[in-house]
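*Asks:* The primary structure of each chain is shown beneath.
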Amino acid sequence: MIQVRANVRLCEGFANCLVAAPDLFDLDDEDKVIILQDELDETERSRVEEAIRSCPVSALTIAGA
Amino acid sequence: MTKRVVIVGSGIGGIRTAQGLRSAGFAGEVIVAGEEPDLPYDRPPLSKAYLAGQDGTEAVALISQADAAAVGITLRLGASAERIRPEEKSLVFDNGEVLPYDVCVVATGAAARPTPWNKLDGVHVLRSLADSQALRDQLRARREVAVIGGGFIGSEVAATARKLGLKVTVIDPLPLPLERTLGATVAQLITELHHRNGVTTLFGAGVDSIDHSGTQLNLRLSTGTTLTTDAVVLGIGAIPNDGWLAGSGLPVSNGLLCDEFCRVQGRDDIFAVGDVARWYNPRYDGHVRVEHWTNAVEQARCVAHNITHSDQLVPYAAIEYVWTDHYDWKVQVAGRPTHDAVATEAVVGDFTGPRPRGAVLYGDSSGALCGAVTVNWPRAIAACRQALAAHTPYAEALQGVTGTRR
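Chains as they are written, first to last, in the working numbering: chain A, 42 to 106; chain B, 9 to 414.
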């Protein structure tokens, strides 16, 4: 399983993650990223990696990676 | 069978293509050939936090040697590609080396438009890490700076230089230079923001000549006045790095011409990504070239997919997205707010209070949303980007943004 971690201190609300994967990411009332699914299947890895790499401030990581 | 992909260019488009190939399961060799000896770095901070001295070099790193090696990406830095030989499927570098490829990705980016005036000490451009380092040192040592060009780069440099305490003047021949990218409404607000922060703008003024007396630079303006300053920054646009492709037979016209799959026209083994690519965007039924960070990232993802899935090619129908930071304003732009097709405009929120937060939405004559500009309102731009992708009507998108809690 894949776990995505967000560093909300870094998040500036670019919203690239949720444009790349709207089922996985959203912005909260403070305009900070929220992760919509705690665990993701390994088959999602490629899509998750691409969404993570679309963040201009590297606020997202895969746990253990 | 693709065994080796060579990516020419180590900026964001090149690095993301290399990483994307691995994410897409490509098992062959991936080589990124970068002209600069520096480890690959990210450009947006070079006119913002890095220039201000808040960020160090580690904060702008795109990938380390160790991280590249861990996923089997070879970084080949410090040699410039001089020629491509499409028929032999090889690249020739300025150190004489010849590198064969099975698939080549051109990701050579763009360069700062060079000075049309005298080349003088104290006149800077801002594109590379070295440019930003040099300018950062200058801004620390000087008291005054003149910025020629009031677009994104010039305007961001002006805001950064003001924060560092310099006396700043921005000169541009246009009456409202940011209007080209942000539309008149937000362009005017940012001009006023500059003024409130103490920046002088000389818009509608051209620069006839630059010369120096001692350590000072004298700018003769088309308005008849002369401006004396310590340093000059040119922010007069960028030109695609496509000159090295001349004579290769590849179709170059202000960028490398590509089809909707980002393959160079007439080739299935050469792709282009980022600032250098002029590709057919099916969304707009025309060829476009986009110099935005997010475009390079999204295009890289598409190119990596298309290299690894030649039987399931995906067209690249991108929607523009770019941001710019000025003082405490984060400005975000989606779609085409300044396109000729804009027929209607709506302003939501409050740009003038103590906590400015607002959006301007643009619709075309068919009733579709065609662009949006927001200030300090990420959820609004996110909603607009999703609305643009879904072809949501303007009225409905406006309702959605108005209903987003502020």
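Simulated from the structure, these hints should not be mistaken for lab results. All C-beta atoms in this analysis are idealised placements derived from N, C-alpha and C, irrespective of residue type, glycine included. Treat the hints with caution; some may be incorrect.
[As the list claims (entries may be wrong)] Facing chain B, from chain A, some residues (calculated, C-beta under 8 Å): (1) Val-49; (2) Leu-51; (3) Asp-64; (4) Glu-85; (5) Pro-97; (6) Ala-100.
[Stated by the list, open to error] A few chain A residues that don't get close to chain B, going by computed Cβ distances all over 12 Å: (7) Ala-47; (8) Leu-59; (9) Ala-61; (10) Leu-68; (11) Glu-80; (12) Ser-95.
*Asks:* Now, for every hint given, state plainly whether the structure supports it.
*Replies:* To see whether the hints hold, each was checked on the structure:
1. Val-49: 13 Å, violated
2. Leu-51: 11 Å, violated
3. Asp-64: It is violated, given that the least Cβ distance between Asp-64/A and chain B is near 12 Å, above 8 Å.
4. Glu-85: Interface hint status for Glu-85/A: violated (11 Å vs cutoff 8 Å).
5. Pro-97: This hint holds: Pro-97/A lies near chain B, its Cβ roughly 6 Å from the closest one there, short of 8 Å.
6. Ala-100: 12 Å, violated
7. Ala-47: With a cut-off of 12 Å, Ala-47/A remains clear of chain B, as the shortest Cβ separation is near 14 Å.
8. Leu-59: The claim breaks: Leu-59/A does not keep its Cβ more than 12 Å from every Cβ of chain B (closest is about 6 Å).
9. Ala-61: At roughly 8 Å from the nearest Cβ of chain B, Ala-61/A sits no farther out than 12 Å, so the non-interface label is violated.
10. Leu-68: 5 Å, violated
11. Glu-80: The claim holds: Glu-80/A sits with its nearest Cβ about 19 Å from chain B, beyond 12 Å.
12. Ser-95: Non-interface label fails for Ser-95/A: nearest chain B Cβ at 5 Å, not farther than 12 Å.
Hint violations for this structure: numbers 1, 2, 3, 4, 6, 8, 9, 10, 12, all remaining hints satisfied.
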